[in-house]
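Engineer: Chains as they are written, first to last, in the numbering used here: chain A, 1 to 321; chain B, 1001 to 1278; chain C, 2001 to 2288.
To be clear, the hints were calculated from the coordinates, so they are not data collected in a lab. These numbers were taken from a predicted model, which means no experiment stands behind them. The beta carbon of each residue, even a glycine, is placed where N, CA and C say it ideally should be.
Over the 10 Å line for every Cβ pair with chain A, so calculated as not near, a few chain C residues: (1) GLY2047; (2) LEU2074; (3) LEU2082; (4) GLY2139; (5) HIS2173; (6) PRO2200; (7) VAL2203; (8) GLY2229; (9) GLN2236; (10) ARG2284.
Which bits of chain A does chain C cover? Going by a derived footprint, with three or more residues having C-beta under 8 Å, they are: (11) 91 to 103; (12) 111 to 125; (13) 132 to 141; (14) 233 to 247; (15) 269 to 283; (16) 295 to 301.
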Amino acid sequence: MAASAAAISQSGSLRGSPLSRLPDRALRIVLTALAVAILTLIAFFFIRLYVEARPAFARFGVFGFTFNNDWDVSRNVFGALPLVVGTLITAAVALIIGVPVAIAAALFVTELCPRRARGPLTIMLDLLAAVPSVVYGLWGVFVLIPKLKPAEQWVTDKLHFIPFIGGASVAGPNYFIGGLILAIMILPIVSAITREVMATVPADHKEAALALGATRWEMIRTAILPYSRAGITGAAMLGLGRAIGETIAVTLVIGNAPRIGSHLFDQGYTLAAVIANEFGEAANNPIHRAALIAAGLVLFVLTLLVNAAARVFINRRTALA
Amino acid sequence: MTVSLSTHAETPLEQKRRFEHGGTTMAAGHRVSLKNLSAWYEDQHAVKGVDLDFEPNKVTAIIGPSGCGKSTLLRCINRMHEEIPGTRVEGEVLLDDQALYSDAVDVTAVRRAIGMVFQKPNPFPTMSIFDNVAAGPRLSGTKGGDLRERVERSLRSAALWDEVKDRLNQPGIGLSGGQQQRLCIARAISVEPEVVLMDEPASALDPASTLRIEELVEELKTRYTIVIVTHNMQQAARASDTTAFMLDGELIEAGPTEKIFTKPDDERTERYVSGKFG
Amino acid sequence: MNAVLRPVSKARKRRDLAMRASLGLATALALVPLVLVLGYVAKRGLGAWSWHFFSTDPTGSFLGDPGGIKSAILGTILMVALATAISVPVGVGVALYLTEYGKNSWFAKAVRYFVDVMTGVPSIVFGLFVFIVLILSGGVGGYAGWKGSVALSLLMLPVVTRSAEVVLLLVPHTLRESALALGSPRWRMIAKVVLPTALPGLVTGSLLAVARAAGETAPLLFTAAIVNGTSLNLGQRMNSLPVQIFTDVGQAQDRLVARAWGAALTLVVLVLLLTLVARYMSRRSRLT
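Pulled out of the complex, with its shape left as it was, chain A reads as follows (with noise of 0.2 Å):
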């Protein structure tokens, strides 16, 4: 063997010995056959869930599950529609607070503020990420349902005339609060994509609008917010997949009633929150185990959903550059 590679290796000297192009080769064989493992991976996570919650989608339909309104672990009825809502009420109260203030905060970072205050206040806005869920939840638990139970009532009370948030009486963990929680946890990750996008506006655009005599907040609305929309859509659609996802927070500040709430300060469930509470004790209950399963099936199909869209809306602002 080493005689004939040396041999090969004077015929050819160009070509190298096969033995030295070894290393090369099992390189990219590694490499490669990781690549490969990623997606064979995530095609075995799907298919495995699929089979171990078909038992659940075989007794009550897929439609059945996703949609009846009834979810009562002592007679084996699971229809997951109080979770479903839970999980959207939530969200979306996380993107109408969250988003707005998150674009706010990316604006003035990257266009207002003073340059030096710009790294400390980027590294503040990450940490808000660094924060873990289960600190969240526990700050959520004692400090902010007692604390805000009072200007919730307030607020309920004064608009009383609005449906579903006004008129209520306010339950201690309710929706709105675990979309206060989710909304502070989304904040950096949206804000920090949408600092990104911002970065990408060319800085002739910026040019061309102030001089013409814009003013500051003129040029961010003629040349950096017209420009980064699409980017920004894909931020907010990003913070919902997290926002549907989050898991401990959510539970401890929920409520954990399986049912539909009738308002805003009612307490309620997310399908994430119920697999978290409920998993322990359906571990030998297989029908209960299986509706589990389902619902985090529910759950990786609707933050899939949710986070191609978004790509496809970050991708698109390359094709204005």
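Given the coordinates of chain A, assemble chains B and C onto it according to the supplied hints.
Structural biologist: Frame of chain A, contents of chains B and C only:
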């Protein structure tokens, strides 16, 4: 994209000006003077104590090798230089008698009076041809028929109207490079400035488009004071009345274009215009 | 101002000022929760800290001494360490494939896309998946620390991969070419030029992934499960800081809640330290 809050109504002066711009009457031009102007990027002294006058209704070309500070000088005139962090300006820029760097002066007013055209055509990519030109007037509350009239007038002045009048709603970035640059010129004059600064406006364009821009500059000088930065000496010779030569941040020499290109006083100018360096 | 400089209308100025002020206020508003959360955690948490708190395991008794968080700290460290050992080599490997071999092929694009998709998968779904594959299917026993690590590593993998890809792309092309031009084979070029140049950035990305994993509760709930005693054996059930906090909050008993705050402070200090070290490393990197 509307400015809803503005209650700004045209003053009689503005109406008069509008009339003048619309008609063939030549507006009285305005003079820009630089007094001992210096500019820095961080520690780098990019413009060194320049004294220079830009005559009304004349085209002044600033020439010089790259990095000589000519673009920086131009950006000092409408106070765009200060948009870059870490920069500094000393000395004075006067528009007629008004010191543009005095504390009482609003920077947005300066830029409205002194328009700018950039090196690379930079129409707003998300806006239509119409909206690109309308963006400036809209800021000060112009709308409806007035706005359409203003857009048409600006596009006509930029010699672009006939080419785009049937597709005003199409995106501005769909135009050719030369058309885009004329669109940017239309955008710059849509706010009715007194002075127009052009930073190598044809350097990204093909020769035919370059000629059109130069013809346009010749037409525009009847209404505006024009300063054009260029590294293209033929362009300076063709399009300008006065030429200023800069080297290493200093103004070496300024005078009638013909004189600068035929018998300049300074030996460095002579060597530059005859192509010996730069 | 003279007539040439027509002043900007008052309305425009007011609007500009109002918008700038609101953007600044919103930014301040965004930072309020950070200050509040850190403030409360520090105040309540410090009250719970003591030598006893760090040196004993939870007792599990409802009356009397609830015990400390020793097992939770050790469990978190062990499980996260194993998760890092799994996810960093795999993640950097995939990133190397993407930058050095796959580049813009359809397959590389697919991998990139699905890695992005993984970033969006809720952490609890990873927990479910590991439960199904490693516990429900049988064969490898029940709840165990290493299964928690697997769940965490799935969570870390996309973070490591994407950050590593970004850093590897920053390694100048000329460096790669000059190494290849000297006649060194590709693997040597990667090992001797690309990886060392990118190292600080790779460490940053990995540390951020570690920080994220250390704070995760959901994937551990039904993989490593809940236990009181200290175990240094990854083959057995293992406690962790986030799970400890989660269960203590659920008990709504003053002493347990106090322990939750103390554990939360411990966790926050750990995660913030990791995050700040990561930032420091990225600042030292010469690649920008």
